[in-house]
Amino acid sequence: MKRTMTCIECPQGCRLEVEADGSRVISVSGNKCKRGEAYGRQETEAPMRTLTTCVLTKGLELKMLPVRTSRPIPKERLFEAMWAVKRLLVTSPMKEGSVVAANFLGLGVDLVACRPLERQ
Amino acid sequence: MAAALAAREAGVSDVLLLERDQHLGGILNQCIHPGFGLHHFKEELTGPQYADRFARRVREDHGIEVSLCSFVVKLTKDRELSYLRPGALEEVKAGAVILATGCRERTREMIPIPGSRPAGVYPAGLAQKMVNMEGWIPGTEAVIVGSGDIGLIMARRMALEGVKVKAVVEIQKSSRGLVRNVVQCLEDFGIPLYFQHRIAMIRGRDRVERVDVVKVDDQFRDLPGSGFSIDCDTVLVSVGLIPENELLEMAGARLDPKANTPVAEKVNLTSIPGVFACGNACKVYDLVDWVTRDSELAGRMAADYLGAGARA
Numbered sequence: 005m006k007r008t009m010t011c012i013e014c015p016q017g018c019r020l021e022v023e024a025d026g027s028r029v030i031s032v033s034g035n036k037c038k039r040g041e042a043y044g045r046q047e048t049e050a051p052m053r054t055l056t057t058c059v060l061t062k063g064l065e066l067k068m069l070p071v072r073t074s075r076p077i078p079k080e081r082l083f084e085a086m087w088a089v090k091r092l093l094v095t096s097p098m099k100e101g102s103v104v105a106a107n108f109l110g111l112g113v114d115l116v117a118c119r120p121l122e123r124q
Numbered sequence: 014m015a016a017a018l019a020a021r022e023a024g025v026s027d028v029l030l031l032e033r034d035q036h037l038g039g040i041l042n043q044c045i046h047p048g049f050g051l052h053h054f055k056e057e058l059t060g061p062q063y064a065d066r067f068a069r070r071v072r073e074d075h076g077i078e079v080s081l082c083s084f085v086v087k088l089t090k091d092r093e094l095s096y097l098r099p100g101a102l103e104e105v106k107a108g109a110v111i112l113a114t115g116c117r118e119r120t121r122e123m124i125p126i127p128g129s130r131p132a133g134v135y136p137a138g139l140a141q142k143m144v145n146m147e148g149w150i151p152g153t154e155a156v157i158v159g160s161g162d163i164g165l166i167m168a169r170r171m172a173l174e175g176v177k178v179k180a181v182v183e184i185q186k187s188s189r190g191l192v193r194n195v196v197q198c199l200e201d202f203g204i205p206l207y208f209q210h211r212i213a214m215i216r217g218r219d220r221v222e223r224v225d226v227v228k229v230d231d232q233f234r235d236l237p238g239s240g241f242s243i244d245c246d247t248v249l250v251s252v253g254l255i256p257e258n259e260l261l262e263m264a265g266a267r268l269d270p271k272a273n274t275p276v277a278e279k280v281n282l283t284s285i286p287g288v289f290a291c292g293n294a295c296k297v298y299d300l301v302d303w304v305t306r307d308s309e310l311a312g313r314m315a316a317d318y319l320g321a322g323a324r325a
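Taken in order, these protein sequences are the chains called A and P.
Using my numbering, the first residue of the first sequence is number 5, and each one after it goes up by one.
Using my numbering, the first residue of the second sequence is number 14, and each one after it goes up by one.
Please note: incorrect hints may appear among the correct ones.
Stated by the list, open to error - Cut-off 27 Å, straight-line C-alpha distance, at most; resulting in silico cross-link-like pairs (DSSO-like, lysine-lysine):
hint, chain 1, residue 1, chain 2, residue 2
1, A, Lys79, P, Lys142
2, A, Lys67, P, Lys177
3, A, Lys67, P, Lys142
4, P, Lys55, A, Lys79
5, P, Lys177, A, Lys99
Stated by the list, open to error - Stretch by stretch, here's where chain A covers chain P in the computed footprint (C-beta under 8 Å, at least three residues):
hint, stretch
6, 46-56
7, 59-68
8, 139-149
9, 227-233
10, 250-260
Simulated from the structure, these hints should not be mistaken for lab results.
Built from N, CA and C at the ideal position, the CB exists for glycine as well.
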């Protein structure tokens with residue numbers, strides 16, 4: 005079965021054609037770089053997204069700390085991840101890259117800080 | 014920051030960086046989504062990460078004096094600046110000035126959306142700051158006007174935060190935003206995008222209650238009988254950006270009356286020698302990587318100007 009999709013790896017947004025048998029990818033075409041091929045395969049087999057959001061802080065210079073998952077997580081678990089993020093509270097100073105939650109949701113990825121935050 | 018660092022690299026000894034916010038980084042601080050830096054750093058960063066890469070270098074460079082919470086209130090064509098900082102009004106005369114003042118948002122009042130004036134109508138970028146920096150969610154059911162990147166990014170952001178995003182309404186036939194944003198911000202979350210539609214009316218007494226939507230033809234005329242209503246308590250307006258160039262205007266530089274951008278033959282130049290404009294204040298960019306590239310050029314142009322002045 006052929007499926008067309010737009011690659012979201014970079015702002016070019018290549019139009020991909022993915023030939024697949026169910027979730028088994030046979031070929032990817034239309035991509036201008038190898039990230040496109042990897043995206044076409046991954047998106048057909050198991051869509052993944054990087055989650056970026058904010059965590060509430062206490063006693064730090066900004067009320068919200070921007071965070072991201074260190075690698076993409078399964079797309080269908082984004083909302084579960086959002087609920088877990090809402091239960092977090094950061095109270096100690098952060099550096100860019102500090103781990104806010106290790107092995108987040110048991111997914112093997114960390115939730116990391118995207119900026120430094122000092123005490124208020 | 015890119016311009017300041019590039020000017021330093023080109024041999025400028027003394028740089029003063031004025032920032033009106035409490036942090037360096039400008040709009041990047043509220044753009045917490047990924048997608049920045051693929052060209053400049055060859056990796057995908059979020060806005061705050063991208064800003065932090067520059068902020069670190071700026072902090073380490075002792076030739077750059079950073080003054081935060083500093084609001085420039087006056088600029089003359091002889092490059093005299095006045096700025097307010099907590100507790101003081103400072104005046105400086107610069108050899109060269111680079112304006113990296115960015116944009117502000119076009120508001121509901123600048124496009125014709127009739128209706129009442131209830132609470133719940135926000136410019137999308139303001140809503141972005143509320144959600145990402147202040148931790149406030151502006152409503153529970155939202156309609157977004159305009160499908161530029163800010164509108165699309167906010168549709169996803171609100172959906173992730175549990176807001177029901179009922180529609181993105183775009184008067185044009187296609188999105189001004191990047192295709193990847195239509196895919197990952199709308200399609201991923203099942204948010205409908207209506208092309209060639211406009212908001213005909215915002216209804217509600219104290220708070221937005223619903224919007225009336227109507228289909229338009231190629232001349233943007235309403236198609237009779239095509240109207241429908243969407244119940245919502247929040248409307249985000251994402252209808253473009255205006256370069257913030259009041260200082261240039263004050264100094265007497267020529268501005269394009271329509272785009273509010275400096276009139277000059279080359280990027281970063283203004284009609285006043287020694288006064289440069291870079292980033293979104295010069296023209297509205299879609300990628301921060303190109304802002305960095307051109308701002309670094311602005312830093313070198315300012316350095317060249319100072320060098321030429323010293324020789325003359």
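Which numbered hints are broken by the structure, listed smallest first?
-> Violated: hints 5, 9 and 10.
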